[in-house]
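Sequence order for the protein chains is G and B. Each residue of the first sequence is one higher than the one before, starting from 382 at the first, in the working numbering. Each residue of the second sequence is one higher than the one before, starting from 3 at the first, in the working numbering.
Simulated from the structure, these hints should not be mistaken for lab results. Incorrect hints may have been included.
[What the hints assert, rightly or not] Computed list of lysine to any residue pairs in SDA-like fashion (alpha-carbon distance at most 25 Å, straight line):
hint : chain 1 : residue 1 : chain 2 : residue 2
1    : B       : K149      : G       : T475
2    : B       : K149      : G       : K568
3    : G       : K569      : G       : W473
4    : G       : K569      : G       : R603
5    : B       : K149      : G       : P472
6    : G       : K568      : G       : Y514
7    : B       : K149      : G       : L439
8    : G       : K537      : G       : M551
9    : B       : K149      : G       : W473
10   : G       : K537      : B       : S240
11   : B       : K149      : G       : Y514
12   : B       : K149      : G       : T469
13   : B       : K61       : B       : K149
14   : G       : K509      : B       : W253
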Amino acid sequence: MNTALLEATDLAVTYASSRGPVVALQGLNARLGAGEFLSVLGPSGCGKSTLLKVVAGLLAPSGGSITLEGAPITGPRRDVGIVFQQPTLLPWQTVLDNVLLPIRTLGMDGVAGRQRALELLELVGLAKFASHYPNELSGGMQQRVGIARGIIHDPKLLLMDEPFAALDAMSREHMMIELQRIWLATKKSVVFITHSIPEAVFLSDRIVVLSERPGRTVREVRVDLPRPRNIDTMASPAFASYANELRAFFSTLGTA
Amino acid sequence: MTLSERTKTILYPLILLVVLIAIWDGAIRFFKVPNYILPTPAAVLEAMHRGYIEGLYWKHFFYTLQSMVSGYLLGCTLAFLLGCLFAESRTCERLLYPYVVALQSMPKVALAPLIIVWFGFDLASKVVMVSLVCFFPMFINTAVGLKQTNPALLDLMRAFSASRLHVLLHIKIPSAAGHIFAGLQIAIVLGLIGAVVAEFVSSTKGLGHLINAAAVNLETNTMFAALFSLAVLGILGSQAIRRLHARVVFWDRGAIAQAPLSE
Ligand SMILES: Nc1ncnc2c1ncn2[C@@H]1O[C@H](COP(=O)(O)OP(=O)(O)OP(=O)(O)O)[C@@H](O)[C@H]1O
Ligand SMILES: [Mg+2]
Chain G
382 MNTALLEATD LAVTYASSRG PVVALQGLNA RLGAGEFLSV LGPSGCGKST LLKVVAGLLA
442 PSGGSITLEG APITGPRRDV GIVFQQPTLL PWQTVLDNVL LPIRTLGMDG VAGRQRALEL
502 LELVGLAKFA SHYPNELSGG MQQRVGIARG IIHDPKLLLM DEPFAALDAM SREHMMIELQ
562 RIWLATKKSV VFITHSIPEA VFLSDRIVVL SERPGRTVRE VRVDLPRPRN IDTMASPAFA
622 SYANELRAFF STLGTA
Chain B
3 MTLSERTKTI LYPLILLVVL IAIWDGAIRF FKVPNYILPT PAAVLEAMHR GYIEGLYWKH
63 FFYTLQSMVS GYLLGCTLAF LLGCLFAESR TCERLLYPYV VALQSMPKVA LAPLIIVWFG
123 FDLASKVVMV SLVCFFPMFI NTAVGLKQTN PALLDLMRAF SASRLHVLLH IKIPSAAGHI
183 FAGLQIAIVL GLIGAVVAEF VSSTKGLGHL INAAAVNLET NTMFAALFSL AVLGILGSQA
243 IRRLHARVVF WDRGAIAQAP LSE
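Construct the entire structure; sequences and hints are all you get.
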């Protein structure tokens with residue numbers, strides 16, 4: 382696979398804090414092919430969000446290299462979309478306006494954007510809620526607005542930081558299926574951050590496993606389950622063996 | 003018949019008011035309190051009549067209202083702009099922070115005589131006094147509110163390379179709206195205090211002046227009438243801000259209910 386969209390080589394990030402330097406990432410290697418769904422799985426505090434910020438161009442690496450389409454990442458790029466762990470919507474704007482935020486901020490065509498926003502709201506099952514305000518929506522619905530906002534400007538690369546972590550088990554499963562549907566429909570390249578093994582197995586083409594802080598790549602797993610995956614997939618022996626493999630691996634690392 | 007919640011919230015305080023007035027009146031009769039110590043409700047009503055029906059107090063009322071409104075607008079606008087500058091510029095913050103703390107912990111009303119010396123006996127000195135006392139709560143609340151913007155929202159905007167001004171106008175100021183309105187609410191109460199203090203120190207008009215002048219002649223009924231007028235001004239001002247708050251910051255109902263009553 383020569384056509385890596387994103388490639389991290391020996392990536393290192395050190396934070397300067399009041400207690401001295403904190404090494405968040407060290408020796409992280411990962412690559413993402415175009416149209417691929419990659420999960421980054423790792424224990425809490427191992428530097429997953431840090432990695433995402435580096436990819437988003439919000440944080441400069443202190444060592445190693447990271448390239449997007451062959452060019453080093455030097456700052457935010459308009460063809461990257463982000464979905465945060467919390468929905469982070471603007472409470473004073475309607476759902477539609479929230480989805481349109483990237484269009485307006487990037488100064489893109491408003492009319493076409495509006496059309497696309499309505500289509501995306503349809504896609505995430507919120508067409509009826511376009512004129513509602515975020516606080517009138519459930520957590521899961523807000524998260525779906527966040528996803529629509531993440532892809533409205535048609536980014537090549539979508540970055541998602543534990544987007545379902547705040548949800549209960551039921552809506553989480555529902556959202557996983559929704560996300561797969563959206564991904565199948567739009568064929569974006571996705572970096573999906575999670576610390577949930579079933580989530581990673583269910584969604585990913587490939588999983589990169591990070592060690593405890595400082596995070597480095599300790600394992601890579603290719604998930605060959607047929608798509609579209611559904612609830613039955615989660616009950617299948619193949620799914621269970623992937624999940625068990627990862628779980629066993631984590632327990633040898635001494636983490637959950 | 004059951005009364006609606008709304009009727010109850012209006013009716014109950016009114017009942018209490020009637021009871022209190024009755025106790026007030028009864029106590030004066032019973033203890034034979036002289037009028038120059040405590041006026042009867044009837045004497046206060048009579049002063050009110052003289053003041054607002056015959057019209058003697060209106061010029062005082064409007065004078066205080068005018069110094070209050072002008073000073074409030076001036077002080078709060080300046081505080082808002084400087085609060086934005088303070089929150090946006092690290093240099094500005096470093097430069098000003100110690101002075102802000104020092105000035106904040108100083109009782110501003112103590113400056114009243116000096117302000118009269120500098121700005122004269124007329125309206126200007128009252129306006130300056132009011133804007134001075136309005137300034138700090140508004141300034142601090144604006145700066146703190148802007149700084150408490152959700153960092154994830156800021157990251158989001160940075161990812162779209164939004165300009166600083168864009169982020170300030172579209173993200174930070176709306177995020178801080180709750181804090182800003184709390185500042186406006188506190189400022190209105192303090193502003194009224196500032197106006198009255200400035201009039202106490204030196205004035206020929208205004209409700210504060212009215213109280214001062216009446217005190218010399220032991221006209222307690224006039225003093226009470228002026229006090230009630232001030233209370234009305236304060237209540238109207240607070241209510242206006244409260245309404246505006248609910249209307250502008252429509253997305254944050256919970257916070258409005260918790261907005262401070264006065265300070
Ligand atoms: N601004 C910062 N300054 C100093 N240290 C930081 C900073 N941000 C993160 N860290 C440290 O870097 C490490 C990695 O943080 P990061 O947020 O990337 O973890 P994470 O893997 O996303 O964790 P979680 O799964 O809990 O979200 C943590 O140990 C954290 O304490
Ligand atoms: Mg994180």
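Worksheet item: Looking at the structure, which of the earlier hints fail to hold?
Response: Of the numbered hints given earlier, those the structure breaks are 2, 3, 6, 8, 10 and 13, listed in rising order.
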